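Participant: Produce the entire structure from the sequences given, and follow the hints as far as they go.
Residue numbers (the numbering used here), protein chains in the order written: chain W, 1 to 380; chain S, 1001 to 1380.
Hint data in this document are derived by calculation from the structure and do not stem from the laboratory. Be aware that a few hints might be false.
Claimed, not checked - Sample of chain S residues with no beta-carbon within 12 Å of chain W, all distances over it, derived:
hint, residue
1, T1005
2, H1055
3, E1067
4, A1115
5, R1200
6, D1219
7, I1222
8, S1305
9, M1309
10, S1347
What the hints assert, rightly or not - A few chain S residues that face chain W, going by a derived Cβ cut-off under 7 Å, partial list only:
hint, residue
11, L1077
12, C1084
13, E1085
14, D1093
15, R1095
16, R1119
17, L1146
18, L1152
19, T1155
20, G1323
Values in this document were obtained by computation on a predicted structure and should not be read as measured data. We treat Cβ as the ideally placed atom computed from N, Cα and C, and that holds for glycine.
There are 2 protein chains.
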Amino acid sequence: MLERTIQFGAHAYAFLCGDGALDQFSPAIAALSADRFILIADKELPPFIKARTLHAFEEHGKVHLIETAFGEANKHLQTVQHICEQAVAWGADRRTAVVALGGGVAGNVAGMAAALLYRGLPLIHIPTTLMAASDSVLSLKQAVNLRHGKNLVGTYYTPRAVCVELTFLRTLPMREIRSGLCELVKNLLAIKPERIPEFRTLLRPLGPYTDQEMERFIDFCIDAKTEVMRHDPYERNEGLVLEYGHTVGHALELACKGRYSHGECVGFGMRCAAYIAERFGLLSEYEVRLHEDLLRQIGVKVKVSAQQMAEMEAYWLKDNKRGYRQSQPDHIGFVLLNGLGRMNKESGSSITFVPQSLVREAVHAMACSQEAVKAHGHVD
Amino acid sequence: MLERTIQFGAHAYAFLCGDGALDQFSPAIAALSADRFILIADKELPPFIKARTLHAFEEHGKVHLIETAFGEANKHLQTVQHICEQAVAWGADRRTAVVALGGGVAGNVAGMAAALLYRGLPLIHIPTTLMAASDSVLSLKQAVNLRHGKNLVGTYYTPRAVCVELTFLRTLPMREIRSGLCELVKNLLAIKPERIPEFRTLLRPLGPYTDQEMERFIDFCIDAKTEVMRHDPYERNEGLVLEYGHTVGHALELACKGRYSHGECVGFGMRCAAYIAERFGLLSEYEVRLHEDLLRQIGVKVKVSAQQMAEMEAYWLKDNKRGYRQSQPDHIGFVLLNGLGRMNKESGSSITFVPQSLVREAVHAMACSQEAVKAHGHVD
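Facilitator: Okay, structure coming up:
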């Protein structure tokens, strides 16, 4: 059983992870002194996950289950409002706690509802994907999408506790596991390269992974994320490194309309960022190849069509890093590395400006090299 | 010119009020280092107010005007989302500031948009009603309504500065001024009774009031609100006294569907609360009569129909104070006074439970006594 206290600035919360973690979570639930719980669950979850979670909370008070579809297309304020309306109609008041059960989108939408209902109700995360367990619950950021871009509307909100019940993660398709591993690859390349050799010994393109291996993956992420967020809980300074791969990644995610997961898109975005960094003389050929090798080892492949490449342009122009630094015409703000574990600084800013033409070139080059990888049958 | 630094806990912001305040506001705008401004304005405002405000901000950067209807019926998350979508489509980024121009609803909706866009953009309030200038901008609370009740969804967000341009308040109808004065009566009865004699010398049921008198009204409010919020910025403890009159007031506001303003409803709610407090032996006959006298002196009258009384019940059951204290069946949580300037405590809580039957009786008694006032032609 992995037990950690996550400390981001002045914000702290308990993190419990393991086979049977939910059984040992009762004291954390009791500590909320809530007499009612709104359990916000992804309706696609296997029934045993909902039943077991309901059971764990029913010992402590009344539980009202709100089931919703949680795709990127539902990640908007209407869903938050819909949940709040249902919660209040059921009788939620200031003594009610909110429980998020599902992947990253469920966690963010439920997190927004918890932050806004009565100006803040206690929040518990029970993540059911590797991506949520190792990435989105290790952040204070909650957000939903606007038509013009991902995560443009949100707030910072600290959960009271996180419980990762590993038995819930056993039914995940390998593709979701790979998606989570992409963010882990990002964290290791950008923050903790010294742990890459250890990480590589665990990787198998086809999986599957044991509970123990999953627990280690999650622990790697806690290690990397707390290192940068300990002194930057709002991810505005050194924490911006967590956005590595996300400029092109978010654009692809929006352009491909659900064809690729968030992690797969970030993986593609990191390869583009590495290509750009090599062109700027910031990364060596070896360091760029390490990006490719790690993504290949976890079995990720992404194919970008010409039409998607064209559509991505509108999205990266609206990237939500805009404004961290005064904009430059025809340039896009990127998080780049100038070595493994080192974020590049340009004129004192964590955002490096990249000419749009070079972004296009990188996306094109990576789309084609991925084709080559696929043609040679390296992965999956 | 009234110049104050509003200090609520660790949160501080500048407050400027006077004839020509907007002309002297330029340094506060410049201090934001914003290069773009989203000006969110009530579309019902007189054109000169919008023109003059646009002009004041255009000196500092690009300004995008978003005009919307701001009634209680529009005070919901869809309006917030609509504003955010428009702002981003126009090009708002992290270096953009949000300016709220209008009454309390405009300030709250714009405040929510500022709090949520990019997880928080700088916020400036230019209130154009006495109610907004003296009450809603003197709070960190931002909120919108749900179907089941007012202000159930919101957050705490600190503006950077407030500018009350008194020339904008000159065109206000007397009824709006009276609405603002109702909240002021509440603040004086509940927090600063020692200033009531001074306040009464300024009152005339038919108005109008000079700029100087308006400035003094606003200063009374700053004085009262900072006294309780200095150590309770989130209005959860001693600050709960600001909710005086709001349990019945909010219910009436929802039941009367816009017929009465927020202040008029709070005035009615205070009379009900005083009636209840007298029945509990908490207030003397003189203290109750002072409520009536002050409201009569500012010229407020509210007529509640039998149907509205019936509808109010569903709303007070969903009052957003629920959960500050564990609920009791058939009782409603109230903020009551046990003397002028003294909030009643019951079992250590600021919420006093009142049997529903007594709430009904109070509402009925006050609805009838108001009828009597009207029949005798005392007001307006």
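Participant: What are the numbers of the hints the structure violates, in ascending order?
Facilitator: 4
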